[in-house]
Amino acid sequence: MIPLTYYLGLGAALFTIGLIVVLTRRNILVIFMSIELMLNAVNINFVAFSRYFDHLQGDIIAIFVITVAAAEAAVGWGIVVSIFRNRGDVDIENINLLKW
Amino acid sequence: MTVHILLFYFFAFIAVASAIGVITLRNTIHCAVSLLLTFFCVAALFVLLEAEFLAAVQLYIYAGAIMVLVVFVIMLVNVREDLPQPGQIPLNAVAVFVGIGIFFFLMFVIMAGDFSPPRGIYTAAYQAANGGQTKLIGKVLYTEYLFPFEIASVLLLVAMIGGIILPTRRRFRRNGKGKGEMV
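Chains A and B, in that order, give the protein sequences. Add 6 to a position in the first sequence, counting from 1, and you land on the number used in the numbering used here. Add 2 to a position in the second sequence, counting from 1, and you land on the number used in the numbering used here.
Simulated from the structure, these hints should not be mistaken for laboratory data. Among the hints, a few may not be true.
[Stated by the list, open to error] Derived CB-CB ranges, DEER-like: (1) B/GLY66 - A/ASN102: 32 to 42 Å; (2) B/VAL160 - A/LEU104: 12 to 22 Å; (3) B/PHE117 - A/ILE98: 49 to 59 Å; (4) B/VAL160 - A/GLN63: 34 to 44 Å; (5) B/GLY140 - A/ILE98: 37 to 47 Å; (6) B/HIS32 - A/ILE98: 17 to 27 Å; (7) B/ASN80 - A/GLN63: 35 to 45 Å; (8) A/VAL71 - B/LYS137: 29 to 39 Å; (9) B/VAL49 - A/ASN100: 40 to 50 Å; (10) B/ALA130 - A/LEU29: 37 to 47 Å.
[Claimed, not checked] Here are some chain A residues pointing at chain B (derived, C-beta under 7 Å): (11) MET39; (12) SER40; (13) PHE59; (14) ALA68; (15) ALA76; (16) GLY84; (17) ILE85; (18) PHE90; (19) ASN92.
Glycine is no exception: its CB is placed at the ideal position from the N, C-alpha and C atoms.
Using the sequences and the hints, build the whole thing.
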């Protein structure tokens, strides 16, 4: 059996990569994609824990995470399209509508 | 068993490499394809973890639905490639250091952690004797987790409404009497 820590390490690596993308890139589309990547990394951890300790709760929570990711994708990309419609660009440096 | 570990290394390496591709590639559509490869590898890892149902869900929802949405939005929204400006380092060094620091912290916790939670009843033998994992997931989802399931359905309804309302073009037009109407 593959040690549990391998899966946890992989999850940590993917999560960190997603985090670095969110912090560094200025492209809003890539930032959204890496949020999906981070959610996926968490899912790996949930499923690994669930399987190594003979539970099903991890799988159920992973399904809920996927549901939330789908909802987030629909609304988030809708917001991106509507910002693009209104402003003509989606550079995150210029989106400061709620800043005061 | 050695095949298992070799497959794990193979898919884990491709997953991390293509995730790094999301950081380094400059063209947004290349990032999307790289991310798609990561999703496929994660689905393969779910299969290695004997979570067949989640592997299928991963492929349908992430690799299917979400990536189609992503590619459509990339098509609609033309982002100029964010090339580093002259005199600017390509990646923010501080953010990379913070990220690597968080990674080492997580690895420290994982290595130091003593993982011995109470074991559940859903062993591989139990799952095989009770109609397979998918059936058991369905049973648990519709009994023990019925309330979160209903909340998730409301969430999806709200997301559906948001997804229809938000990208629709609306203009606010005044009709001369101080009142306006949405067109």
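Exercise. What are the numbers of the hints that this structure violates, sorted from low to high?
Worked result: Result: hints 3, 4, 8 and 19 break, sorted rising.
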